[in-house]
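4 protein chains.
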Amino acid sequence: MNRSESFLLVNFKTYLEATGKRAVELSKKIETASENVGVRVGVAPQFCDIERVAASVDIPVFAQHIDPVASGANTGHVTADSVKAAGADGTLINHSEMPLRLLDVDKSVERAKQVGLKSVVCAGTAKLAGAVAVLEPDMVAIEPPELIGTGRAVSKENPEIVTDSVKRIRNVNRSVVILCGAGISTGDDVNAALKLGTDGVLVASGIVKAPRPEDVVMEFCKAVLKAG
Amino acid sequence: MNRSESFLLVNFKTYLEATGKRAVELSKKIETASENVGVRVGVAPQFCDIERVAASVDIPVFAQHIDPVASGANTGHVTADSVKAAGADGTLINHSEMPLRLLDVDKSVERAKQVGLKSVVCAGTAKLAGAVAVLEPDMVAIEPPELIGTGRAVSKENPEIVTDSVKRIRNVNRSVVILCGAGISTGDDVNAALKLGTDGVLVASGIVKAPRPEDVVMEFCKAVLKAG
Amino acid sequence: MNRSESFLLVNFKTYLEATGKRAVELSKKIETASENVGVRVGVAPQFCDIERVAASVDIPVFAQHIDPVASGANTGHVTADSVKAAGADGTLINHSEMPLRLLDVDKSVERAKQVGLKSVVCAGTAKLAGAVAVLEPDMVAIEPPELIGTGRAVSKENPEIVTDSVKRIRNVNRSVVILCGAGISTGDDVNAALKLGTDGVLVASGIVKAPRPEDVVMEFCKAVLKAG
Amino acid sequence: MNRSESFLLVNFKTYLEATGKRAVELSKKIETASENVGVRVGVAPQFCDIERVAASVDIPVFAQHIDPVASGANTGHVTADSVKAAGADGTLINHSEMPLRLLDVDKSVERAKQVGLKSVVCAGTAKLAGAVAVLEPDMVAIEPPELIGTGRAVSKENPEIVTDSVKRIRNVNRSVVILCGAGISTGDDVNAALKLGTDGVLVASGIVKAPRPEDVVMEFCKAVLKAG
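These protein sequences, in sequence, are chains A, B, C and D.
Heads up, the first sequence is in our numbering, so the first residue is 1 and it goes up one at a time.
Heads up, the second sequence is in our numbering, so the first residue is 1 and it goes up one at a time.
Heads up, the third sequence is in our numbering, so the first residue is 1 and it goes up one at a time.
Heads up, the fourth sequence is in our numbering, so the first residue is 1 and it goes up one at a time.
These aren't lab readings, by the way, just hints derived from the structure by calculation.
What you are looking at is a predicted structure, and each value in this text was computed from that prediction instead of being measured.
A few of these clues could be false.
Which copy? The list can't say, so a pair holds if one copy fits it or any two copies do.
Derived pair list, reagent style DSSO-like, types lysine-lysine, alpha-carbon separation capped at 27 Å [stated by the list, open to error]:
{"no.": "1", "residue 1": "107", "residue 2": "21"}
{"no.": "2", "residue 1": "107", "residue 2": "127"}
{"no.": "3", "residue 1": "156", "residue 2": "107"}
{"no.": "4", "residue 1": "167", "residue 2": "156"}
{"no.": "5", "residue 1": "113", "residue 2": "21"}
{"no.": "6", "residue 1": "127", "residue 2": "226"}
{"no.": "7", "residue 1": "21", "residue 2": "127"}
{"no.": "8", "residue 1": "21", "residue 2": "226"}
{"no.": "9", "residue 1": "195", "residue 2": "156"}
{"no.": "10", "residue 1": "195", "residue 2": "209"}
{"no.": "11", "residue 1": "113", "residue 2": "167"}
{"no.": "12", "residue 1": "118", "residue 2": "222"}
{"no.": "13", "residue 1": "222", "residue 2": "28"}
{"no.": "14", "residue 1": "21", "residue 2": "209"}
{"no.": "15", "residue 1": "226", "residue 2": "167"}
{"no.": "16", "residue 1": "167", "residue 2": "195"}
{"no.": "17", "residue 1": "209", "residue 2": "167"}
{"no.": "18", "residue 1": "127", "residue 2": "167"}
{"no.": "19", "residue 1": "226", "residue 2": "107"}
{"no.": "20", "residue 1": "226", "residue 2": "209"}
{"no.": "21", "residue 1": "127", "residue 2": "113"}
{"no.": "22", "residue 1": "167", "residue 2": "107"}
{"no.": "23", "residue 1": "21", "residue 2": "118"}
Based on the sequences and whatever the hints tell you, model everything.
Here you go:
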């Protein structure tokens, strides 16, 4: 496989370590590591931080969620238009910490398409990964919720769920990019994920809460090249 | 009553007319009008726009909603910490377009307090206005959802709901600031609202969708002074 | 196709015409018509009526929804166990008037399987029909929400959505039973639905609110035989 | 106080021990104990069991929840009409395991009134107890969620929350009946609850999961008389 296609996406969640100015600082460190090794890495900061992060780095910036509504009289919602206007390139959809109704997953993918945002739809099981691949997002991210934040990587703890997901996704969708996540914290975890047939990883605490996030990003990027 | 306490809050909702750079431009116009007349006016832009609006104006900036969760592993949520870090001074809570579970209204008021955000809790009926006043937010906003966006002002169409709300609120809470909204579009509507015992108004389309928003803000501010 | 497999399912919704004793009376009329013509017809009464309906008729009885939770400390929920204990044979899942989170659609299908209930998962678009077919329910029901309750039958107003759904469903699932619904009110509508490749229909107001429901059921059943 | 007003309400939740025929058996045991001692005890079985329980006993029967919607095209919802038609006398609203949006708490209380159901609105904190008392239900039940199902009674573990709730409720509502719950498992717990100013208790596992529920009910009833 051509690893120039590989992609690491760092979800900042609502960690204080990645809120406000610290979101900008963290994004810059990630950008530097990404450019040094030559592997694509994106960041997903909080809504309030998208604009200043996007203004500060050239790497892909993702929202963590969009609401499946059009712009208009929708107080407190997050529209595709607003994250796009702030400079986002894409959005997570249906993360296990923000699970959506089935029809809203579809609407959100459509909304993302309409404004030119890449969509990454998350799924917690292989069966659900197959189901969301039918909705034709740009990427599917397999994340078993029981491993999220544990430091026990899905690619090592439960490789079957990854291979089963890849198989089910490919049954219904030849071209969607496949990420996997949950517990990813070392270069080995990343390497294992790619060997199982994925195109990259979705990572959060493994980088955001690391003492030196830039080192972990570097390690992850090198693991990608090694898997090439 | 001392009208130096009066407050107009402009809810940008997710109107395209108030998204991205247009949120900044609109906020500046509102600030100018507010300063010219000497009446306090705040703005409530979308999450993605809070930071750049707060960096551009000195008037109060409010979020349109916060989630009742702490910072941490909460993907896609809007924390009190993140809107505070972006420069917000307060937040709407429980707007009729983002209705919350009862216990989450309380948690959101608490979260706002903890980080130093003013809370404006919305209620659609007089009875609900009384109930939310018990939760001790900084302000209560009475907004009958059936009048929102109609251009038919609550203060003229249904003055009873305003006076009944004020009575019920004062029964349980002496100090909370009382706003009213829905359909407010002229200075007369604002004047009527203040005469009914409120301390200000919550307005959205009446200003955001006006051909010259600054003129409407000016008219509203003058109406406040006249009611003094 | 063997029309002995065909199935008509009558959703009582929460219509007063089909509440309490009237649910029992309506079910008996439907049973009589079904037996007279020799076509399988099921009923989906409200939770409170399942037990007395199931005790009064021998036709299949479905719940309108189950919650994706296990029995235990879940106040106010509807468990698969409770509807099974009341005598239900199956359940609707994800009706457009009770849309579920994607992961809860899957959990509900699993819960139904565990207790021996047939699952009918609803989908409002062809793409969603394909996605839910991946979850391996017993039946998929295609119901474009914009036609529900209109009396304009999906099988005539929008035959493309039905054929597209059938195609997408069969791409991922060879054996699932396919129903379609929304606006079905005459035998012709039923006939058209079967001609488009479905195995039956899901109907509500077309029967429940008819002056003589038994006549409509009879007409529907005859249309099934004619399509054989 | 006149203890003829006292009320014990047994919430069956979705415990298997109280599902289907076992709901009827349990209700009969509770009725016998209630009649022997002469204290009012009600039961709150699952939706599917309301009708057969109400047909089998003469004690008050409550639903565990109603949806804030009118009868009509609402698939899978639980209407006030349907639980009333099944024989219910009242309903729980906003239990911590089924928390409602603030405006839906109000709508549910209204719906209950309209069809002649007694409403018991639950609240997890003293402040929320005060807020729901404003909505004028028939009863308020104070249940700190952190004590539910623990066997550590709210009336002994946290008497302050009960007395604070009673005070806040009485500030805004003189006549509402006050229950408390969470962890109630002995006659002493019941006695303590009444001494703190409540009119009765809401209990679930303490009775439903007891080896001999009738004995516990008897003990509770005697504790009520002793507190008289």
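(request) List, from low to high, the hint numbers that the structure doesn't satisfy. (result) 6, 7, 8, 17, 19
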